[in-house]
Amino acid sequence: MKGSKETPLGPLHRRLGARMVDFAGFSMPLQYSSILREHAAVREAAGLFDVSHMGQIALRGERAAAAAGRLLSRPVEDLGTGCVRYALLCNDAGGVVDDVTVYRRDAQDVMLCVNAANIDKDLAWIRGNADPDVEIRDESRDTALLALQGPASARLLDEAGAPEAAGLGRFRFATSSLAGRPVLISRTGYTGDDGFEIYCASADAEALFEMLLAGGEGSGLLPAGLGARDTLRLEAALPLYGHELDDTTSPLEAGLDRFVRPLERDFIGAAAIRQRRDAGHARRLVGFALEGRGVAREGYPVVAEGERVGVVTSGAPSPTLGKSIGLAYVSAGLSEPGRGFEILVRGRAHPARVTPTPFVGGKARAK
Amino acid sequence: MAESLIPEKLLYSAEDEWARVEEQRVTVGITDFAQQQLGDIVFVELPEVGDVFTRGDAFGVIESVKAVSDLFAPVAGEILEVNTSLADAPDMVNEDCYGRGWIAVFQVSDPDGMESLMDAGAYSKHVAERDD
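For the record, the sequence lines run as chains A and B.
Numbering-wise (this note's numbering), the first sequence opens with residue 535 and increments by one.
Numbering-wise (this note's numbering), the second sequence opens with residue 10 and increments by one.
It should be emphasised that the hints constitute simulated quantities derived from the structure, not laboratory data.
Computed from a predicted model, the values in this text were never measured in an experiment.
One should not assume that every hint holds.
As the list claims (entries may be wrong) - Straight-line distance between alpha carbons at most 20 Å, and here's what the computed SDA-like set of lysine to any residue pairs gives:
| id | chain 1 | residue 1 | chain 2 | residue 2 |
| --- | --- | --- | --- | --- |
| 1 | A | LYS655 | A | PHE557 |
| 2 | A | LYS539 | A | SER561 |
| 3 | B | LYS75 | A | ARG553 |
| 4 | B | LYS75 | A | VAL845 |
| 5 | B | LYS18 | B | ALA98 |
| 6 | B | LYS75 | A | LYS655 |
| 7 | B | LYS75 | A | ALA558 |
| 8 | B | LYS75 | A | ARG571 |
| 9 | A | LYS857 | B | VAL70 |
| 10 | A | LYS655 | A | PRO666 |
| 11 | B | LYS75 | A | SER567 |
Said to hold, decoys possible - To give a feel for the contact side, a few chain B residues facing chain A, derived at Cβ under 8 Å:
| id | residue |
| --- | --- |
| 12 | GLY48 |
| 13 | VAL51 |
| 14 | VAL61 |
| 15 | ARG64 |
| 16 | ASP66 |
| 17 | VAL70 |
| 18 | GLU72 |
| 19 | VAL74 |
| 20 | PHE81 |
Unchecked claim - Which chain A residues stay away from chain B? Per the calculated CB distances, all over 10 Å, these:
| id | residue |
| --- | --- |
| 21 | LEU564 |
| 22 | GLU611 |
| 23 | GLN642 |
| 24 | ASP764 |
| 25 | PHE793 |
| 26 | ARG880 |
Quick reminder that beta carbons are idealized off the backbone N, C-alpha and C, glycines included.
Isolated chain A, as found in the complex:
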């Protein structure tokens, strides 16, 4: 893992015996004990993740919200202080530069939480397209991000000394303190379950992670790695940049219509997205479940009547459902729920069916 960056929690992960993997240029924990156990902990109690690899980009100044609104697929000027919105950063061709969460920290301060792999690309794109009098700052290095996810999360934060967390609505945040350290607590996540994301100074991350871990010991809380994060987000059918989304994908092909509203608004990429919609999308992102045994994985071809009709973008065994699920781009005509097709698993056709998403936790869609 030479050459990869470490989050402020690197030494702690090693002490906890995590298996580390390289992800987006960072050495990150894949798992501490077992992906299945960590996944179950999040669904049944809680899991604590280090997601400090993610980036934070602040836009500041009188015109910060207007500038952010022009860059993003949803308006920002009407976003109240203390509110979060999921939105897409699009390019002129209507492709997705990144998918981000937008925080209105105050009237003149908007923060974007961005994917680790895209920090530099996003910064360049934002600097190149924002109003010159908006100050743009990369806060990624100074900021650590912990995600406490699962049904016990609110109670655990209460016990840890942040009782206000339980009072936050979904997609709301508050600045607070934990163990005397300043934090921003946000009721958001990437697991499809209730939970919080806790932004803190890099220097405070280890103490906070250890405190939360110790506090949750008797409640079934486990430290959880990227392996469980991926199976959890897949059960929730949340897209992962680089898999379901890239610089060429229209958000509408990916089924993200409700995060591109209003589409008549003027933001970068809007005209191209409308044009591509009017021309008709050739492919659609669908959720599918494999009918028999086996696992459908990224890159496996989707076929129908002997013709190649798509490709799997993410696939894994669903620990909650006990069957193989995934997301795939398929020809637009094959996207209605219940539609059958086959997935080639090492050359052998396995029957699969389009399944409504999210696969798990219908009421708790996270993004």
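Position chain B against the provided structure of chain A, taking the given hints into account.
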């Protein structure tokens, strides 16, 4: 990474399979090191009884939540038995890789071909070289 178990009485391949040799009947599985590396095993694609493999052939596939890995025949021969209980309980490979998590039994065609397998001492060096 936890210490991995390497029983003395077995032979090992460089691809992390073990072999228990009883004359021409050789039971094979994956080592403790391999199952730890893979993580939670969710699926094992077994060969069919009667299939014939040469040494190093992919004779099956083992999948964990995150990874797909071929099973390489540590010996040459015909498949006499497969562990069909892995269809419903693939996690047996995690729990008991040298026992109930065995994968297949080969009828060895060429006993001399087993010379390339390692004993426990040589295999533990092979593991140590790769473990961080």
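The hints, checked one at a time:
no., hint, result
1, A:LYS655 x A:PHE557, "holds, 16 Å"
2, A:LYS539 x A:SER561, "holds, 6 Å"
3, B:LYS75 x A:ARG553, "holds, 13 Å"
4, B:LYS75 x A:VAL845, "holds, 18 Å"
5, B:LYS18 x B:ALA98, "violated, 26 Å"
6, B:LYS75 x A:LYS655, "violated, 28 Å"
7, B:LYS75 x A:ALA558, "holds, 17 Å"
8, B:LYS75 x A:ARG571, "holds, 14 Å"
9, A:LYS857 x B:VAL70, "holds, 18 Å"
10, A:LYS655 x A:PRO666, "holds, 18 Å"
11, B:LYS75 x A:SER567, "holds, 14 Å"
12, GLY48, "holds, 6 Å"
13, VAL51, "holds, 4 Å"
14, VAL61, "violated, 20 Å"
15, ARG64, "violated, 21 Å"
16, ASP66, "violated, 15 Å"
17, VAL70, "holds, 7 Å"
18, GLU72, "holds, 5 Å"
19, VAL74, "holds, 4 Å"
20, PHE81, "violated, 15 Å"
21, LEU564, "violated, 7 Å"
22, GLU611, "holds, 42 Å"
23, GLN642, "holds, 43 Å"
24, ASP764, "violated, 8 Å"
25, PHE793, "holds, 28 Å"
26, ARG880, "violated, 7 Å"
Comparing the model with each numbered hint stated earlier shows that hints 5, 6, 14, 15, 16, 20, 21, 24, 26 do not hold.
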